[in-house]
Amino acid sequence: MKLKKQVTVCGAAIFCVAVFSLYLMLDRVQHDPARHQSGGNFPRSQISVLQNRIEQLEQLLEENHEIISHIKDSVLELTAHAEGQPALPPHTPNVSWVLPPESRPSFLSVSPQDCQFALGGKGQSPDLQMLAIYSLLPFDNQDGGVWKQGFDITYEPNEWDTEPLQVFVVPHSHNDPGWIKTFDKYYYDQTQHILNSMVLKMQEDPRRRFIWSEISFFSKWWDNISAQKRAAVRRLVGNGQLEMVTGGWVMPDEANSHYFAMIDQLIEGHQWLEKNIGVTPRSGWAVDPFGHSSTMPYLLKRSNLTGMLIQRVHYAIKKHFAATQNLEFMWRQTWDPDASTDIFCHMMPFYSYDVPHTCGPDPKICCQFDFKRLPGGRINCPWKVPPRAITDSNVAERAQLLLDQYRKKSKLYRSKVLLVPLGDDFRYDKPQEWDAQFLNYQRLFDFLNSQPNLHVQVQFGTLSDYFDALYKRLGIVPGMKPPGFPVLSGDFFSYADREDHYWTGYYTSRPFYKSLDRVLEAHLRGAEILFSLALAHARRAGADGKYPLSDYALLSNARRNLGLFQHHDAITGTAKEAVAVDYGVRLLHSLTNLKRVIINAAHYLVLGNKETYHHDPAAPFLGMDDTRPGQDSLPEKTVVKLDTSPRFLVVFNPLEQERLSVVPVLVDSPHVQVLSEEGQPLPVQLSAHWGSATDMVPDVYQVSVLARLPALGLRVLQLHRSLDGRPVASTRLYLHGRDVSVRRQEPVPLHVFPATTDDFCLENQHLRACFSGSSGLLQSVRRAGEEREQRVSSEFLVYGTRTSKDKSGAYLFLPDGEAKPYAPKEPPVVRVTEGPLFSEVASYYQHVQTVMRLYNVPGVEGLSLDVSCVVDIRDHVNKELALRFTTDIESDDAFFTDLNGFQIQPRRYQRKLPLQANFYPMPAMAYIQDTQSRLTLHTAQALGVSSLGSGQLEVILDRRLMQDDNRGLGQGLKDNKRTCNRFRLLLERRTTASKVQDGHPISFPSLLSHITSMHLNAEALVMPVAQEKPVPPALRSFAPLSNTLPCDFHILNLRTLQAEQDDSLPSAEAALILHRKGFDCSLEAKNLGFNCTTSQGKLALGSLFRGLELGSLQPTSLTLMYPLSMASNSTNIHLDPMEISTFRIRLG
9 MKLKKQVTVC
19 GAAIFCVAVF
29 SLYLMLDRVQ
39 HDPARHQSGG
49 NFPRSQISVL
59 QNRIEQLEQL
69 LEENHEIISH
79 IKDSVLELTA
89 HAEGQPALPP
99 HTPNVSWVLP
109 PESRPSFLSV
119 SPQDCQFALG
129 GKGQSPDLQM
139 LAIYSLLPFD
149 NQDGGVWKQG
159 FDITYEPNEW
169 DTEPLQVFVV
179 PHSHNDPGWI
189 KTFDKYYYDQ
199 TQHILNSMVL
209 KMQEDPRRRF
219 IWSEISFFSK
229 WWDNISAQKR
239 AAVRRLVGNG
249 QLEMVTGGWV
259 MPDEANSHYF
269 AMIDQLIEGH
279 QWLEKNIGVT
289 PRSGWAVDPF
299 GHSSTMPYLL
309 KRSNLTGMLI
319 QRVHYAIKKH
329 FAATQNLEFM
339 WRQTWDPDAS
349 TDIFCHMMPF
359 YSYDVPHTCG
369 PDPKICCQFD
379 FKRLPGGRIN
389 CPWKVPPRAI
399 TDSNVAERAQ
409 LLLDQYRKKS
419 KLYRSKVLLV
429 PLGDDFRYDK
439 PQEWDAQFLN
449 YQRLFDFLNS
459 QPNLHVQVQF
469 GTLSDYFDAL
479 YKRLGIVPGM
489 KPPGFPVLSG
499 DFFSYADRED
509 HYWTGYYTSR
519 PFYKSLDRVL
529 EAHLRGAEIL
539 FSLALAHARR
549 AGADGKYPLS
559 DYALLSNARR
569 NLGLFQHHDA
579 ITGTAKEAVA
589 VDYGVRLLHS
599 LTNLKRVIIN
609 AAHYLVLGNK
619 ETYHHDPAAP
629 FLGMDDTRPG
639 QDSLPEKTVV
649 KLDTSPRFLV
659 VFNPLEQERL
669 SVVPVLVDSP
679 HVQVLSEEGQ
689 PLPVQLSAHW
699 GSATDMVPDV
709 YQVSVLARLP
719 ALGLRVLQLH
729 RSLDGRPVAS
739 TRLYLHGRDV
749 SVRRQEPVPL
759 HVFPATTDDF
769 CLENQHLRAC
779 FSGSSGLLQS
789 VRRAGEEREQ
799 RVSSEFLVYG
809 TRTSKDKSGA
819 YLFLPDGEAK
829 PYAPKEPPVV
839 RVTEGPLFSE
849 VASYYQHVQT
859 VMRLYNVPGV
869 EGLSLDVSCV
879 VDIRDHVNKE
889 LALRFTTDIE
899 SDDAFFTDLN
909 GFQIQPRRYQ
919 RKLPLQANFY
929 PMPAMAYIQD
939 TQSRLTLHTA
949 QALGVSSLGS
959 GQLEVILDRR
969 LMQDDNRGLG
979 QGLKDNKRTC
989 NRFRLLLERR
999 TTASKVQDGH
1009 PISFPSLLSH
1019 ITSMHLNAEA
1029 LVMPVAQEKP
1039 VPPALRSFAP
1049 LSNTLPCDFH
1059 ILNLRTLQAE
1069 QDDSLPSAEA
1079 ALILHRKGFD
1089 CSLEAKNLGF
1099 NCTTSQGKLA
1109 LGSLFRGLEL
1119 GSLQPTSLTL
1129 MYPLSMASNS
1139 TNIHLDPMEI
1149 STFRIRLG
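If you count by this note's numbering, then the sequence shown holds residues 9 to 1156, one letter each, in order.
What the hints contain is simulated information worked out from the structure, not anything from laboratory work.
Treat the hints loosely; a few may be bogus.
Unchecked claim - BS3-like cross-link-like pairs, simulated, lysine-lysine; straight-line CA separation at most 30 Å:
1) Lys-237 / Lys-372
2) Lys-584 / Lys-228
3) Lys-193 / Lys-156
4) Lys-833 / Lys-189
5) Lys-283 / Lys-372
6) Lys-372 / Lys-416
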């Protein structure tokens, strides 16, 4: 009763606070002058002002109602608990189990101000909205003459009389860190020679310039050169002859890469440059990624770059922008209300970044000015007119020909400053090539500059030389918006370089490695955070002498291997088979090392008495959760052997929110009990461990434990042998007439049926999912409390490729029409398992095994359907396997995909474009919606996605292609592996949606959707304490955070920085990178089961880490190159929605 009273009082108090805050808000609404500005300069009548206030009042009342209903739920929940709990989950008639309600209320409180952001509409709308431009363009691919994909360009000879043309020729060499050769082979065969000749040849003439972008190669070369050569490089950078552009570890793919890894490789490169050369990049250079994401300009802007360049954009968009002089623009984020994300962007106008396609519109002429192709060399001009060396007798005629191209190209831009790149893949690797290009061009420049009547000034330049001259011409400082230049928002997917050749195949190519990439990323983030915390605690205790600081070198190496894999021929799946193996070996090597780093940190942090800490590399204190026999194998879970004495487990939760999760552990006995560290029994479910559709693995059982895991923390659990009965999952196996033997295990109940056609359903307290009896595939979903079943049916489909000469390959998707249903030789074996913690349906087909699982737990895990597909199409020929969901959601032609796991980009299915043009990258999620519902497909690996019809969402799972697609690779995709693709399917109800709102080119996931994505991508790691015999020392769970983080804050990383002297050792400082997520409040938020609130972006960092002091706090640019404001004494910070911020901190 006493608790009841407290609850009532507490509830009443919160109610009063809510009502009072409502009153204050209304008061503010009336007095806020800013609110009156929104209508522009028109006088507004009293009635419309009144109407406005009534609308605001309605909205505030609605939000208040939500908060009150949460309080009511929580109060009811609390009261239920005060009156005692059932001992075991009660059994309901449909063989599902009901768990006792949570022992503490879940409470989600979102302040109304935090809901305003997703509604958007604050800033001015951009001049160029990519979604609208797609709808506008005809995509007719007309023949444009010498510039095939463009048009004829004309000019008047006197156009430059008043303002001369200023041309910057920018020599560059595009070095792929792995493509046809491995990274090391390229380095030894070509890259080292390019950089060695560069040092030599640039010193011969101070007018020469060169740019370089891939720090992965540059750092390897740096490690192998003399101090004298290093000094020469610093001089060249210092005097502006050599510029480091972008400065990332690689030039990353922008479709499949996740924003954690994009930022990490940028930091790795920038930190290397600062430490070794003392330089900070100013301009971005991305000539080869296959389409461009709007995440990149955001990251570059946050890193303090002021300009950027892109190249691979759909030829129809290039033509349109060229015709309207919009090739240079300020690129702005869709959500940006105040132009703070703007960055100046230059789009190259022609087909390629090679010399024939960069001097002007006519490749036949430009090729004559690529002096590596002089007669007698290894390469020539396909247009059959070779270059001629420049002499006194031909310089006038050659210069005039080149100037004509420069002038024509210049007509496509708004200013009289022109950028002309001069380079190609792995160029300038021999001194002879340096001489051929630089000497011949210098003769041309000297001639042109000596003729005042030509009104042109030409010189070698770096990328920033060009941008600086442009800003100077326009009379603005770098970074400002040039007058008269357009603002653009949106992205540049999907890319086609000619005809209907859409580069949408690489969104899925080699999905095995796309998945391994994300596994490594999750481990890197977990290892970084745990290492930083363990090191800070060890330093605080004066025990850092005993801590294995050598783990820092493993972290550093993993950053570089993950960074290398973000390269646009690595994660894309577009490198040669041997190169893919090389990447795989690197990824696996780092994954194993990161597991060691996590184990060592966890060991230190869970010890009750830190004095007893002893690091023994030969005998780690904790075992690994799983192992991979080779770079192309799926993980095999560790089996924990039970004994008379208890076995201990340490479970790591890499999320910054506490989570209630079902943690699976494999054990060698069915007689098992799981206790908390205090000795309380935890809810468990025992099930078989299946080796195949019909074989239980002998003497191995899966015990699934329901455990509450602290945020970023470690939970200690005990496993005991116990003969008490465990709740065992019961399994029904439907063989559908297949003649297969079944191997069973004693304590696990199994009922075998030769066939069934009856549909069946599984349900928990949130959802009821119904499946087809014959296929085992999903048919419909019903949310608790709703009358109507929502159709959500799943099916497998197969795409073929064309019969014509152009066929699908690693890059291109060229299907032979619409997909056909997947028709396996035999019907599937369907296995239905039901138990207290989860129920699942497994369907075993010839090429794909799919498991759909429903968790019977309160909160996030139980609100979505867990889907995994193990795909093996190694016997297919020129086929692609797709998974399609069909629903009754009236989504029309609209769907939404994420960019880099960072933001959502609305998409339209364009009927005027071929099927393959409507596929987009899906690194983290895609959704469809109408005014009632939203269905989100969350993914744990990047894959290609589309919505080809209203209510549909489909994803390509794997592709096996027997031929090259003529983009330089010279191979098909025949090295398919058995691959596991993991998803979560989330159906949400929309409460306040409107057609107008849905028309905006901006959308956000809900908070539940964000957290579901994090659960899928950051699985809990289960590490058994290795020593079985001697009793292990006392272990304590570790909870690093002293209070709950606001639910829209994400700790992207806590990255220990390297020591000044020795880069293999850690310093006392770390980079804390935070992201405040944008979210949509219009999706119903009931029973979410997470305890958190939003705080208008405020966070007190000073008291965030329990047991550690924040020694210093310095806000910096994204990659730590620039301190932002002076470190003040306050440790309270503020982030705007969608903002990513980096802080240099000292913990101890």
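Hint check results:
With a C-alpha separation of about 39 Å, the suggested pairing of Lys-237 with Lys-372 is violated against the 30 Å cut-off. For a cut-off of 30 Å, the pair hint linking Lys-584 to Lys-228 stands: about 22 Å separates their Cα positions. For the suggested pair Lys-193 and Lys-156, the alpha carbons sit about 36 Å apart, so the restraint of at most 30 Å is broken. The straight-line distance between the Cα atoms of Lys-833 and Lys-189 is roughly 40 Å, outside the 30 Å bound, and the hint therefore fails.
Straight-line distance between C-alpha atoms of Lys-283 and Lys-372 comes to about 44 Å, which puts the hinted pair past the 30 Å bound. Distance hint between Lys-372 and Lys-416 is fulfilled; the C-alpha atoms sit about 14 Å from each other, no more than 30 Å.
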